[in-house]
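Protein chains in written order, with the numbering used here: chain A, 1 to 289; chain B, 1 to 304.
Calculated from the structure, these hints are not laboratory results.
Hints may be right or wrong, so weigh each one.
To be verified - With the C-beta cut set under 7 Å, the calculated list includes, among others, these residues of chain B facing chain A:
| id | residue |
| --- | --- |
| 1 | Trp109 |
| 2 | Phe133 |
| 3 | Ile288 |
Said to hold, decoys possible - The calculated label-pair distances, taken between Cβ atoms and stated as ranges, are:
| id | chain 1 | residue 1 | chain 2 | residue 2 | range |
| --- | --- | --- | --- | --- | --- |
| 4 | B | Pro221 | A | Trp38 | 45 to 55 Å |
| 5 | B | Arg293 | A | Ile275 | 36 to 46 Å |
| 6 | A | Val283 | B | Asn252 | 31 to 41 Å |
In this text, all values refer to a predicted model and were calculated from it rather than measured experimentally.
C-beta: ideal position from N, C-alpha, C; glycine also.
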Amino acid sequence: MTAAVSTEATAARESAGRPRRPQRRRRWTRYILPAYSWLVIAYLVFPILVMVLYSFNKVTTGLPQISFAWNGFTTQWYQQWNAIPQLTSSFWLSIRLALASTVLATIVGTLLALALVRYRPPRFRGKGFIEQVMFLNIAAPEIVLGASLLGLFVTLNIARGFATLLLAHVAFSIAYVAITVRARMAGFDRSLEEAAQDLGANAWVTFRKITLPLIFPGILAGALMAFALSIDDFVTSNFVSGAAVPFPVWVYGATRIGIPPQVFVFGSAIFAVGILCALGSIVVGRRQA
Amino acid sequence: MEQPVLANHPGLVTGRRRRTRPGKFLAPYLLALPAGLWLLILFLVPLVVMLSLSLQSCNTATGACVMTWHWAEFGQQLSLYHTQFVTSFYFAGAATVIDLIVSFPIAYWIAFHGGAKKNFFLLMLLVPFFVSFVIRTVVWEFILSDQGIILGNLKSAGILPQSFHVLATGYAVVAGLAYNYLPFTALPLYVAIERIDKRVLDAAYDLYATRRQAFLKVILPLTVPGLFAAFLLTFIPALGDYVNQQILGGTNNTMIGTVIQNAFLTNLDYAGGSALSAILMAIALVGIFAYARLLGSRTIEEYL
Numbered sequence: 001m002t003a004a005v006s007t008e009a010t011a012a013r014e015s016a017g018r019p020r021r022p023q024r025r026r027r028w029t030r031y032i033l034p035a036y037s038w039l040v041i042a043y044l045v046f047p048i049l050v051m052v053l054y055s056f057n058k059v060t061t062g063l064p065q066i067s068f069a070w071n072g073f074t075t076q077w078y079q080q081w082n083a084i085p086q087l088t089s090s091f092w093l094s095i096r097l098a099l100a101s102t103v104l105a106t107i108v109g110t111l112l113a114l115a116l117v118r119y120r121p122p123r124f125r126g127k128g129f130i131e132q133v134m135f136l137n138i139a140a141p142e143i144v145l146g147a148s149l150l151g152l153f154v155t156l157n158i159a160r161g162f163a164t165l166l167l168a169h170v171a172f173s174i175a176y177v178a179i180t181v182r183a184r185m186a187g188f189d190r191s192l193e194e195a196a197q198d199l200g201a202n203a204w205v206t207f208r209k210i211t212l213p214l215i216f217p218g219i220l221a222g223a224l225m226a227f228a229l230s231i232d233d234f235v236t237s238n239f240v241s242g243a244a245v246p247f248p249v250w251v252y253g254a255t256r257i258g259i260p261p262q263v264f265v266f267g268s269a270i271f272a273v274g275i276l277c278a279l280g281s282i283v284v285g286r287r288q289a
Numbered sequence: 001m002e003q004p005v006l007a008n009h010p011g012l013v014t015g016r017r018r019r020t021r022p023g024k025f026l027a028p029y030l031l032a033l034p035a036g037l038w039l040l041i042l043f044l045v046p047l048v049v050m051l052s053l054s055l056q057s058c059n060t061a062t063g064a065c066v067m068t069w070h071w072a073e074f075g076q077q078l079s080l081y082h083t084q085f086v087t088s089f090y091f092a093g094a095a096t097v098i099d100l101i102v103s104f105p106i107a108y109w110i111a112f113h114g115g116a117k118k119n120f121f122l123l124m125l126l127v128p129f130f131v132s133f134v135i136r137t138v139v140w141e142f143i144l145s146d147q148g149i150i151l152g153n154l155k156s157a158g159i160l161p162q163s164f165h166v167l168a169t170g171y172a173v174v175a176g177l178a179y180n181y182l183p184f185t186a187l188p189l190y191v192a193i194e195r196i197d198k199r200v201l202d203a204a205y206d207l208y209a210t211r212r213q214a215f216l217k218v219i220l221p222l223t224v225p226g227l228f229a230a231f232l233l234t235f236i237p238a239l240g241d242y243v244n245q246q247i248l249g250g251t252n253n254t255m256i257g258t259v260i261q262n263a264f265l266t267n268l269d270y271a272g273g274s275a276l277s278a279i280l281m282a283i284a285l286v287g288i289f290a291y292a293r294l295l296g297s298r299t300i301e302e303y304l
């Protein structure tokens, strides 16, 4: 029964989503838009290809810096990926920071999303205010967030380091997580929870057995968002990092003295992992649909 | 789903929950409390602290600040750095306009003709985000450098004069900004165009609209909210950006973000930096409030 309904639904969705061919497709001009679009995609991908390519570039001068000229193919930098201790430690710091920030932001953001999806005034006074704060948090220029956080830490005499980085990263991730989770919860059927409660499940059991599995894809999407935001953040991190230097801040500092090829190795590795995760989530999403 | 729950708690079947527990009334507030506190202490309070810092007088050697209600700080900073504000407006504005023009056709194409590959094309739009922002900008420095893969080859082919350069000019900064923020423009536009009911378009054609008329009178007006969101999500971050300017722009064409960064991190001029940040925030707030007024603050969520 459920299977039959879902196949019907899928069929209906597919027929609705099928692109309707305009009756009169005209001349050569119909190639303009696709050609242009592929050109834009090529433009977006081009610098990434350059990065991957130059991570295999030989260095002929004595200095371990990437050179603009192509000197021949080598896998040397992949073999010596951890030859620069500060770079490697900044990378691991970024990973630890992103993991910690993801866990905290996902928990806090999901709870907020639950509150926003389920309650409205008068049960939940101040909902509109929280939504406006989230909007402001997302739309405000990041440099203002970073600078104001630094101002706070300086005023309170808080030493900058991993803790301040973590506080800041969670602060700019919460709104994104809450919005992502909330969007995925839009079609959530509350009658399932009521059914569980009618069958005697307490609030915790209902949450663990019914709510959590149903909103889990949303939470996962929110967590991926938080991780991506954290690991790539430069502006805020640069203000609040102090002695603990995350990967993007280290790379930015290195631009003054010359970029070691290992930076592109790390860049390529992060890119590969990120793309695999994204493709995986597309595949999982297709299977669920 | 229900079966195991029932099996685990056979004795509780009749124990319906009372709906009048105090916890029930507190539930929304308890759920929102951690996030609310976090945003209060690490987002709203810092903004207030920033305002207060900008009115204080700071010892730039030690970084210690005393409240002096120095309102003139804003005027002084503006008169010192108005050129940098103007430059930021020019660069961010140029990059935003370029992004809107470049990304509208591709957003349109994916929305109307993407077919089954829509997700793949959207991933392609997002592809720059899988490389660290700073590294992306560094790669552009490579690409645009005088002896790099493009200019170097064009010069050795004799197409460009040897003295030609792009790096350390405003063009390089705008190019970098346009590249880095293109996904922020393309995705809201895609969402807006994708949401257009195709039957409205059919109706326009049935009423003998030409393709141009259908575009100008149906598609374009319906994408105005998306255009506004795209503008906001591109222009505001680009306005405060200093990475592109620092890496691609050389020592000229300083944008306001660079000034703020130097004030805080190099000169320890917390009062001046805070005043400039407050001015930048005020400028951003104009756009943010206009958006919230016209379209409602929640609509931005649809475009993220």
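Status of the hints after comparison with the structure:
At about 5 Å, the closest approach between the beta carbon of Trp109(B) and any beta carbon in chain A falls short of 7 Å, and the interface hint on this residue holds. For Phe133(B), the shortest C-beta to C-beta distance to chain A is roughly 6 Å, which falls under 7 Å, so the interface hint holds. Contact between Ile288(B) and chain A, as hinted, is supported at the beta carbon level, the nearest pair being about 5 Å apart and thus within 7 Å. Separation of Pro221(B) from Trp38(A) is about 28 Å and departs from the stated range, judged on CB atoms against 45 to 55 Å.
Judged by the Cβ atoms, the range 36 to 46 Å given for Arg293(B) and Ile275(A) holds: they are separated by roughly 39 Å. Between Val283(A) and Asn252(B) the beta carbons are some 48 Å apart, a value that contradicts the proposed interval 31 to 41 Å.
Checked against the numbered hints above, the structure breaks hints 4, 6 and satisfies the rest.
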